[in-house]
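Below, each chain spelled out in residue letters.
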Amino acid sequence: MKKVEAIVRPERLEAVKSAVVELGHNGLTVCEVKGHGIQKGVTQHWRGEEYVIDLLPKISLVAVVHDHEVADIIDAISKAARTDHIGDGKIFVSPIEEVIRIRTGETGAEAL
Amino acid sequence: MKKVEAIVRPERLEAVKSAVVELGHNGLTVCEVKGHGIQKGVTQHWRGEEYVIDLLPKISLVAVVHDHEVADIIDAISKAARTDHIGDGKIFVSPIEEVIRIRTGETGAEAL
Amino acid sequence: MKKVEAIVRPERLEAVKSAVVELGHNGLTVCEVKGHGIQKGVTQHWRGEEYVIDLLPKISLVAVVHDHEVADIIDAISKAARTDHIGDGKIFVSPIEEVIRIRTGETGAEAL
Amino acid sequence: AAAVTAETPGAPTLAEVAADTGTVKIGMNFFFLIMGVCLIFFMQAGFMLVETGFCRSKHAAHVAMTNFVIFAVGALTYWAVGFALQFGSLGAFYWAPGAEAILNGEAVKAGVNAFAGTKGFFLGTLGDGTYDPGVFVFFLFQMVFMDTAATIVTGGMAERWKFSAFLPFGVFMGAIVYPLYGMWVWGGGWLATLGANYGFGNGVVDFAGSSVVHAVGGFAALAGAMVLGPRLGKFKADGTPVALPGHNIPMAILGTIILVFGWFGFNGMSTLAATDLRASIIIANTMLAGSAGCLAAMFLVWKLWGKPDPSMAVNGMLAGLVAITAPCGFVTPLSSVIIGALAGFLVVGSVVFVERVLKVDDPVGAVSVHGVNGAWGMIALGLFADGSYGAGWNGVDSAVTGLFYGNGGQLIAQLIAVVTVFVWSFGMHYVFFKIQDAVQGIRSSKADEIAGLDPGEMGVLAYPDMAGSGPLGEGSLAAEAAGLVQPKPVGSEA
Amino acid sequence: AAAVTAETPGAPTLAEVAADTGTVKIGMNFFFLIMGVCLIFFMQAGFMLVETGFCRSKHAAHVAMTNFVIFAVGALTYWAVGFALQFGSLGAFYWAPGAEAILNGEAVKAGVNAFAGTKGFFLGTLGDGTYDPGVFVFFLFQMVFMDTAATIVTGGMAERWKFSAFLPFGVFMGAIVYPLYGMWVWGGGWLATLGANYGFGNGVVDFAGSSVVHAVGGFAALAGAMVLGPRLGKFKADGTPVALPGHNIPMAILGTIILVFGWFGFNGMSTLAATDLRASIIIANTMLAGSAGCLAAMFLVWKLWGKPDPSMAVNGMLAGLVAITAPCGFVTPLSSVIIGALAGFLVVGSVVFVERVLKVDDPVGAVSVHGVNGAWGMIALGLFADGSYGAGWNGVDSAVTGLFYGNGGQLIAQLIAVVTVFVWSFGMHYVFFKIQDAVQGIRSSKADEIAGLDPGEMGVLAYPDMAGSGPLGEGSLAAEAAGLVQPKPVGSEA
Amino acid sequence: AAAVTAETPGAPTLAEVAADTGTVKIGMNFFFLIMGVCLIFFMQAGFMLVETGFCRSKHAAHVAMTNFVIFAVGALTYWAVGFALQFGSLGAFYWAPGAEAILNGEAVKAGVNAFAGTKGFFLGTLGDGTYDPGVFVFFLFQMVFMDTAATIVTGGMAERWKFSAFLPFGVFMGAIVYPLYGMWVWGGGWLATLGANYGFGNGVVDFAGSSVVHAVGGFAALAGAMVLGPRLGKFKADGTPVALPGHNIPMAILGTIILVFGWFGFNGMSTLAATDLRASIIIANTMLAGSAGCLAAMFLVWKLWGKPDPSMAVNGMLAGLVAITAPCGFVTPLSSVIIGALAGFLVVGSVVFVERVLKVDDPVGAVSVHGVNGAWGMIALGLFADGSYGAGWNGVDSAVTGLFYGNGGQLIAQLIAVVTVFVWSFGMHYVFFKIQDAVQGIRSSKADEIAGLDPGEMGVLAYPDMAGSGPLGEGSLAAEAAGLVQPKPVGSEA
Ligand SMILES: Nc1ncnc2c1ncn2[C@@H]1O[C@H](COP(=O)(O)OP(=O)(O)O)[C@@H](O)[C@H]1O
Ligand SMILES: Nc1ncnc2c1ncn2[C@@H]1O[C@H](COP(=O)(O)OP(=O)(O)O)[C@@H](O)[C@H]1O
Ligand SMILES: Nc1ncnc2c1ncn2[C@@H]1O[C@H](COP(=O)(O)OP(=O)(O)O)[C@@H](O)[C@H]1O
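Residue numbers (my numbering), protein chains in the order written: chain H, 1 to 112; chain G, 1 to 112; chain B, 1 to 112; chain L, 1 to 494; chain R, 1 to 494; chain C, 1 to 494.
So here's chain H without its partners, still in its complex pose:
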């Protein structure tokens, strides 16, 4: 099994979520994060002092899926998250060795 973690723009979350769910992946977990990248920060002022917010709001969306589903979900997320402007984010794929569904105790593939 693989963990597919996408860092996307907050305003694309709804689209990404729908795309993933449409693929049949009901299970996913989302977290509000802040990202730094080649996207520039936002300059702000506070009582005369300038400062830059260079950690911009992003959404991390994680779905743990079967190995064979990885390509499709990457594709779906990419399509939904893409705006073609700097800051669209990244997708990271990493291995998951075991999954347990707490409610039933099921493990492995059936727990997804």
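Certain hints may be false.
Simulated coverage check for chain L against chain C, where a stretch passes if three residues somewhere in it have a Cβ under 8 Å from a Cβ of chain C [said to hold, decoys possible]:
no., stretch
1, 272-286
2, 290-298
3, 308-314
4, 330-344
Honestly, the hints are just simulated from the structure, not real lab data.
Computed from a predicted structure; not experimentally measured.
All C-beta atoms in this analysis are idealised placements derived from N, C-alpha and C, irrespective of residue type, glycine included.
For chain H, the structure is supplied; the task is to place chains G, B, L, R and C with the ligands on it using the hints.
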């Protein structure tokens, strides 16, 4: 070493934390996340328009542990998190290749 | 590629971020988390009842980097995050199998 | 002189000057009452903020809504029924010439003792109405007092009170419990005439409502909190209370400052006339007692628990204000400081007692602040009233005088009031809530309570943009209460 | 008597007593107005809180700023220009002896109909000024009314109105639109004289501003919301509206309570004199109508959509208050309850209509609360006025009487006012915004709207410490609107 | 006439009418003061909100608490000591008949110059007390002024002031510094008599407290901020200031609106009598100056830094209000606009100067708003007073007249006041804080400052439910300050 990540109900956090700590795992990291699964969302209204909150609050609890401790901690978390209702969450296990304790510079097993 | 995840004190975030960026790693993702460890909690009162906040605010900072960069970034983070007091946090290194840059569709090493 | 209305402008006759003087006098006294109405009304905001700030964010919209809607429910109920029961048999009254046109019903009486008014339902709109401004301003003034009593209760019952069950309470309080007790003390009822009829001092004296408003509200909150039971997770299995910290301290502090602001009107304007110059003395006493209560509570908790807990400093301020509300017109500034400081100590003790001994869950301290200190205020009057004010009160010639100044009879009247208000408000509400619970169920579902009454009962989150603004759950959770029900062990069915 | 200023202290002559009586009378009536000014001014806080609470956190500082700065812009504009246009030809007026020294300009007239005042610019400071306190207090009273009208508009146009475009609006509203319509109704203009000149009842009667303040503001908001267009993501491609929940419900409820508090002054002090005892009746009517509106709206949405939506309970309360603002002095309490309840139903229907049928995006319900119910309040007066008050109003001897009490002419006058205020305020603002949009652009950039107007236009986050306090974006996003523009498929250029 | 108290009802004699007129006059003037007390008291809420909103969320409960508790500390201190020192030798005064019974102590004098009052400690409760309502209402009025001065200081010293060290400051300010300077200007002291004794205009004239309240508070804040030193991380090693954004902008804006609301009473009711019709002119001037200050500051920062920074718009409004506080009764509306606009520019310059040049860390701009503009207000009076008001002020027959209207002497008196208030308030507090720091330590521990004063000193989080509501740390961190101390390199001990 393994990373054990449990997605649980917020109201079970205290119980899960205690269970993990009782096993002797002092180190753990917690994050407020939102989850989508087979659990249904909550219908809300705003000035006449209905909408569904389908990302429900969950807690992600991460403990990095030695390989031989994984089974026990999964068991402990499962017991503590379980309510037998849809939405109890999942546990994911993944490999960790290195751990460093920042304060001392210790690495690997002794850093846990 | 590797995922380097550092759990650090909130007040060290700026220093850690700068250290990482100076190494040339522009891409990083940050999240507000709460940590439990050997660091003691804070005792609080609410209307006569005492309680302990034993999940203390921490920052999780994640950078996905090439394998050969791991040692340097660990070193940089450690230096910047360290105060020599309990609670300085930990760094976890784990494998990443694939990276996709959403904007361009690039994958693997060039996506970083 | 040019401003005086006169046939010969600039040269008014004595009758013309007298006419204008009379108009100005009445106009000013009504204006004074109107400002009192404004200030006291604004206490709704104070209660809303204190109670919401002391609750958790997942219930914040619900708590705020009860404090908001209670005004609407109470105002309409009091207009329809409550005012008539409380003051419908008041008869003529010096500051409200014309009141006799409406408020002259025959009281419900048993011998010399009057128990309820009988005229002025719907302000007489549905029949015998007149547009008497004195009656209207008096109605407004009494209405905002009533709403204060009602809104106190939402605090003690917060975070688990079903919204649909809360609404009937508003009607019950505004139509029956508040007006009748209020009639007994302020409307010429049997407690007011304890002096004239039975020789106990000036009868029950409650200047601005330590008992009529605060104790009625506080003891109703006690009844409600008992019938509802504690919030899920408030007590461990062994009965140890658990801290459930409020979600917004600055909000609670803002609410408290607004309440103090409102109290200027609550106590100060209760002279009912700007021509009664006692108002400034009353306000000074009020501020001193509140300040003393604040510091007393703060230093006590600092000593006891190591930190100057803001939530108790807030409760201490309010306790001092509640306690001085009955005696504020009759005592010296020094006595006010003493009364306030004792209130500050008392509220701390009472909060602990209610929670640890009675095992009653009162999220905001409504019982301790309003109930216990409402009672203390009544007793304090019976002790500290110095006989400098209140001659003629309740038809008794002598000025109001307490035990320390030689009149034990007044203290007895006050004690009778304390017992009465407890029995009446606690009793009536206990019965009411019990019946209502049997009929309708007054407690929110467990699922809603765990997930938050905001998504569950209001259909909106109070703070949807904030991470951590309270968890959401689902109906299926109903069987389980956070931390109370042991989840089944995994093995038992895997 | 010792307090009366007299040559022989303690034994004042009739002239001396008369002099003091006159001074006290004027002093009191000015004091009454000053308290009205305070209360009405404070409604700025109420509007700020309701509008900010109903918006999303990423725009919170921006919405709050528009509600704050509008006061400064409006006050200076009204001082410079607006007051003179509205009241510069008022002439002498009973409660403001001395006004004739400033406000005696020749009106701009067409036949018997007056359209604008002509004196008192800068309160006369730049030339013909005097320090007449009556004029000053009247100016203050009118200024806070004007600012209320202006601040209503910020709600309907919130979350996408460029700050630099908002400022000129404040000048336009405060200098032209508000003062002229206000002149027509309150300054002796052609609407006021519809009775005297053409026999329609007492001419247009708007006691405290259902049309002058609320409908002017509400219809301006409609024009603005139409010219701006909906917020990004408010409507789906097929026109279905999308819920964009406000970020802070307790804040909105606090704002509403503050607005009610302010309404005591808004309606109650609009008698302009404490010696007019009608104030208490007015305030009672006001509270009853607001309460009825709150409950009516709440129960209706509960029935319709299953939950007692706090945002609609809030709107219902305000709708009831807006509707009673014109008739509050002329109707019975029972009529007030009816007017308020209908307002509560009306606001719910109107919110749905504006959003689903007109497809206009009004984030806080400004059009429905202030526009629609402002109109309803005017009509309600034409129906329910019972002839018990207002003899002599607008120079017509008979008291103000509506259709249900036998005077259809009054209703016609009111209907003329409703049409006029709609055409005038909606029309003028529509044209103004269209021209301004062509010249300057009145809508915030898409990038700023997506990222939040706070970082984009204000340069600060409203809540920088809170996770989830609104996303930040970058200028490069300008081409894309959340959810509206389909992102290009990945394949098309990879 | 029926309302006039008379032996033959309906036909009062001249003496009876005179008696009622006198009562009404006094009653009204006291009522006027009482409303002033309410409004000014409510500024506590304003200060609390502005200061808390401008600070970071981890200190929010602490900042709110200091602003709340200062009232209690100040009220009791001023009752016990301050009022007597300030007004104990005032003697009889026209608006407070009876005051002579208490406030007739022999002043502490050096030649013709008076320095302190000597009677009325504890309002005389502990001995020579009477219940004179005039004295009580005057006490209340002065007390809320004093509390305003004290609460200003909590802003400049916020986020690092140990709570246990803050309490003694409240006593020092309320008992000594404020009352004595206040005595000199308002209690017949040596500054007030600079005119009568030495021919400088009308002596020092400060209508409502630009110097007595604001400059005293602002310069005390400067002393405190200097002794405390900057917040951790406020300045980089090279002295460059770092932005530490406040956590809640709408909260700060609400606070500002509340402050404006309070200022109606602060300035308007400072005539001390509703019979002095100047109040409306004063309030108009006040609103115009505040509005001008708001816009001036906003446009200036917009020009300078590209955005209409809400925090500076807020400061500009307050600066305008502070500056007009001394001259509000004596200048034209146009002058008020000029004074306010200059205040708006001045506050921006001063904020930059204090931070970048003085390197003093004043989190909310207390020094610039209240200190600098308090001084500017005093000078403005010396320039713009137009001689239309204040004849007889401080025993000098001529009306108050400034340089631009031909009287340079008044300006000199004002300059003497500015120097005096700076030397006195800054000096006394600097010494006080230095000594207190040596004895007790006035700065919070570094660990508490890093983790937040809320968990550290208050024992509660302001917003426990919100993610990101401020980090918690542990005592062991004491050696390290965020960003200031370089952590030891890893290698040095691994
Ligand atoms: N190497 C990385 N490790 C972790 N997060 C990254 C990395 N690179 C990018 N990110 C995340 O992706 C977001 C977008 O990256 P950015 O470089 O700004 O634009 P783009 O993805 O369009 O090239 C960042 O804000 C950050 O959250
Ligand atoms: N495949 C998955 N990947 C990531 N998170 C998941 C996945 N499946 C479930 N989750 C998380 O677990 C939570 C609970 O899952 P759900 O399907 O609702 O109930 P249950 O775990 O009882 O079957 C979800 O809200 C989500 O946060
Ligand atoms: N085994 C672990 N798994 C996950 N997180 C951990 C683990 N050990 C420590 N942490 C994180 O690191 C933080 C600091 O750890 P702690 O033991 O308090 O101090 P130190 O790192 O100085 O030994 C914790 O608050 C927690 O967030």
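Verification of the supplied hints:
1. Only residues whose C-beta sits within less than 8 Å of a C-beta in chain C count toward coverage, and the stretch 272-286 of chain L has 11 of them, enough to reach three; the restraint holds.
2. A stretch counts as covered by a chain when three or more of its residues have a beta carbon under 8 Å from one of that chain; for the stretch 290-298 of chain L and chain C the count is 6, and the coverage holds.
3. Three residues within the 8 Å Cβ limit are the bar, and the stretch 308-314 of chain L against chain C gives 6, so the coverage statement holds.
4. Restraint check on the stretch 330-344 of chain L versus chain C: 4 residues with Cβ-Cβ distances below 8 Å, three needed, restraint holds.
In summary, the structure agrees with every hint in the numbered list given earlier.
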